[in-house]
Structure formats: structure tokens, C-alpha cells
Amino acid sequence: MATTTKEDVLEVLKEVTDPEIGVNVVDLGLVYGVDIDPTGEVRVQMTLTAPGCPMHDTIARTAEMAIETLDGVKEAHVDIVWSPPWTPDMLTDEGRRLLGF
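Taking our numbering, the leading residue of the sequence shown gets 1, the next gets one more, and so forth.
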């Protein structure tokens with residue numbers, strides 16, 4: 001049974017940064033959804049700042065590896081989605097601060 005919460009997943013995803021921007025994927029507003037199955041499978045829907053991002057696979061795999069460090073997580077899957085498209089309006093207050101907005 002999964003003991004990990006959505007908050008746990010979001011907290012560990014704060015360690016995953018967009019290498020071109022230098023801000024974590026949570027504060028960039030890239031994480032759209034977190035689903036935790038009782039068996040320990042975690043599925044995250046997230047986007048990137050641009051569809052042509054060359055770091056697509058690296059960011060997704062880094063996020064999966066971070067999630068898989070959490071207690072009770074057997075497997076993590078990150079699905080990159082493009083709808084809705086990311087805009088700077090999705091930044092958290094911390095993301096705005098980190099980027100100097």
C-alpha cells in the first residue's frame with residue numbers, strides 16, 4: 001500500500017530543475033497532476049516550457065527517479081503533455097521570485 005502523498009511527490013519534484021532555466025519544475029508550474037495508485041504506482045502529468053525542449057527525456061526520467069525514492073513508491077511514470085500549453089502565468093510565487101519577476 002502506498003504511503004506517499006501528493007504533497008510528498010511535489011516536495012521531491014522541487015529537486016528537479018529545468019536545466020535551461022535553473023528553477024524547479026514545481027515552481028515553474030509544469031506539474032499538472034499527480035495520481036497515486038494504492039499499489040505504489042505514481043503517475044505525474046507535466047509539461048515543459050516549450051514543445052521543442054531538447055531536455056524532454058532527461059527531465060522526465062529525472063522526475064521519475066526522484067519520485068521512486070519515496071517510501072511506498074514501486075514505480076513512477078511521468079507523462080509529458082502539451083495541453084494546456086505552459087505560460088509564465090503558471091509560475092508559483094516562489095518561481096516568480098527565483099526568476100526576478
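I should point out that these hints are in silico values taken from the structure, not numbers from a laboratory. Hints are supplied without guarantee of correctness; some may be wrong.
[As the list claims (entries may be wrong)] Label-pair ranges, simulated between beta-carbon atoms:
| no. | residue 1 | residue 2 | range |
| --- | --- | --- | --- |
| 1 | 19 | 39 | 31 to 39 Å |
| 2 | 55 | 10 | 17 to 25 Å |
| 3 | 71 | 45 | 30 to 38 Å |
| 4 | 75 | 10 | 13 to 21 Å |
| 5 | 79 | 3 | 33 to 41 Å |
| 6 | 96 | 6 | 19 to 27 Å |
| 7 | 96 | 38 | 13 to 21 Å |
| 8 | 3 | 85 | 15 to 23 Å |
| 9 | 50 | 98 | 12 to 20 Å |
From a predicted model like this one, the values you see are computed outputs, not experimental measurements. By construction, the Cβ of each residue, glycine as well, lies at the ideal position given by its N, Cα and C atoms.
>> Under the constraints set out in the numbered hints, which ones does this structure not fulfil?
In response: Hints 3, 5, 7 and 8 are the ones this structure does not satisfy, whereas the remaining hints hold.
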